[in-house]
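We have chain A already, so just place chain B on it with the hints.
Single-letter residue listing:
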Amino acid sequence: AQSVAQPEDQVNVAEGNPLTVKCTYSVSGNPYLFWYVQYPNRGLQFLLKYITGDNLVKGSYGFEAEFNKSQTSFHLKKPSALVSDSALYFCAVRAPSAGGYNKLIFGAGTRLAVHP
Amino acid sequence: AAGVIQSPRHLIKEKRETATLKCYPIPRHDTVYWYQQGPGQDPQFLISFYEKMQSDKGSIPDRFSAQQFSDYHSELNMSSLELGDSALYFCASSPPGGTYNEQFFGPGTRLTVL
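Going down the list, the sequences are from chains A and B. Sequential numbering of the first sequence, starting at 3, is according to the numbering used here. Sequential numbering of the second sequence, starting at 3, is according to the numbering used here.
Careful: at least some of the hints might be erroneous.
Here are some, though not all, of the chain B residues that point toward chain A, as calculated from beta-carbon distances under 10 Å [as the list claims (entries may be wrong)]:
{"hint": "1", "residue": "P41"}
{"hint": "2", "residue": "D58"}
{"hint": "3", "residue": "F71"}
{"hint": "4", "residue": "S72"}
{"hint": "5", "residue": "H75"}
{"hint": "6", "residue": "F106"}
{"hint": "7", "residue": "L116"}
With a cut-off of at most 30 Å between alpha-carbon atoms, the simulated DSSO-like pairs for lysine-lysine come out as follows [to be verified]:
{"hint": "8", "chain 1": "A", "residue 1": "K60", "chain 2": "A", "residue 2": "K79"}
{"hint": "9", "chain 1": "B", "residue 1": "K59", "chain 2": "A", "residue 2": "K24"}
{"hint": "10", "chain 1": "A", "residue 1": "K79", "chain 2": "A", "residue 2": "K51"}
{"hint": "11", "chain 1": "B", "residue 1": "K59", "chain 2": "A", "residue 2": "K71"}
{"hint": "12", "chain 1": "A", "residue 1": "K71", "chain 2": "A", "residue 2": "K51"}
{"hint": "13", "chain 1": "B", "residue 1": "K15", "chain 2": "A", "residue 2": "K51"}
{"hint": "14", "chain 1": "A", "residue 1": "K24", "chain 2": "A", "residue 2": "K71"}
{"hint": "15", "chain 1": "A", "residue 1": "K24", "chain 2": "A", "residue 2": "K51"}
{"hint": "16", "chain 1": "A", "residue 1": "K60", "chain 2": "A", "residue 2": "K24"}
{"hint": "17", "chain 1": "B", "residue 1": "K15", "chain 2": "B", "residue 2": "K59"}
{"hint": "18", "chain 1": "B", "residue 1": "K17", "chain 2": "A", "residue 2": "K51"}
{"hint": "19", "chain 1": "B", "residue 1": "K17", "chain 2": "B", "residue 2": "K59"}
{"hint": "20", "chain 1": "A", "residue 1": "K79", "chain 2": "A", "residue 2": "K24"}
{"hint": "21", "chain 1": "A", "residue 1": "K51", "chain 2": "B", "residue 2": "K54"}
{"hint": "22", "chain 1": "B", "residue 1": "K24", "chain 2": "B", "residue 2": "K59"}
Derived from the structure by calculation, the hints contain no laboratory data. Don't be surprised by glycine CBs; every beta carbon is placed ideally from N, CA and C.
Isolated chain A, as found in the complex (with noise of 0.2 Å):
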């Protein structure tokens, strides 16, 4: 079964500092993978992906995720972290179904706090 874990509930960062929100996979096949940020009373928004290629892949504002097949781990960084990051951020799988690569699947989520 696919699956992803985020280990950590919240993240606390001082701004400026470097972060990192931590992702690990289960997948069977290749892994697509994606990161997505949700503000409070928002919908989710697009950071980046994995499909192949460059094991670093770079996204919108500022966000880069590297991919590690031997540990299945996917985890999204930051060389600077500002106060605006602070939200709920969420690593995604795509699996695999009996419709083709429809679903995301969700890890729980991770609250990001930067602070001033």
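The following block gives chain B in isolation, referenced to the frame of chain A:
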């Protein structure tokens, strides 16, 4: 840029009532997905449609049904509402190309069942 539109944004219903949620995908997107996000939970996949045909089914209760119309908009119909149906319901769409494309989410419909 056009985004996914969902209506209504908020809905309050009584137990055992019915509700209809609407979703208008981004123009030229051919696939629509529905997700349910309970309080403090991650989004759970309900159902998806590709070119107006159901393409995948997740943890959607039998009391719920959905369809995609000729203009690609989709409706989620919910009957015999229960307190546990209170949640944020997201619609997402993706462009042609299938597997590799990200899903673009709407702002959600917050359903409260009293």
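Now for the hints, and whether the structure bears them out:
| no. | hint | in the structure |
| --- | --- | --- |
| 1 | P41 | 12 Å, violated |
| 2 | D58 | 4 Å, holds |
| 3 | F71 | 19 Å, violated |
| 4 | S72 | 20 Å, violated |
| 5 | H75 | 17 Å, violated |
| 6 | F106 | 7 Å, holds |
| 7 | L116 | 20 Å, violated |
| 8 | A/K60 with A/K79 | 10 Å, holds |
| 9 | B/K59 with A/K24 | 29 Å, holds |
| 10 | A/K79 with A/K51 | 13 Å, holds |
| 11 | B/K59 with A/K71 | 29 Å, holds |
| 12 | A/K71 with A/K51 | 15 Å, holds |
| 13 | B/K15 with A/K51 | 37 Å, violated |
| 14 | A/K24 with A/K71 | 14 Å, holds |
| 15 | A/K24 with A/K51 | 15 Å, holds |
| 16 | A/K60 with A/K24 | 16 Å, holds |
| 17 | B/K15 with B/K59 | 25 Å, holds |
| 18 | B/K17 with A/K51 | 40 Å, violated |
| 19 | B/K17 with B/K59 | 25 Å, holds |
| 20 | A/K79 with A/K24 | 9 Å, holds |
| 21 | A/K51 with B/K54 | 26 Å, holds |
| 22 | B/K24 with B/K59 | 18 Å, holds |
In summary, the numbered hints that this structure violates are 1, 3, 4, 5, 7, 13 and 18.
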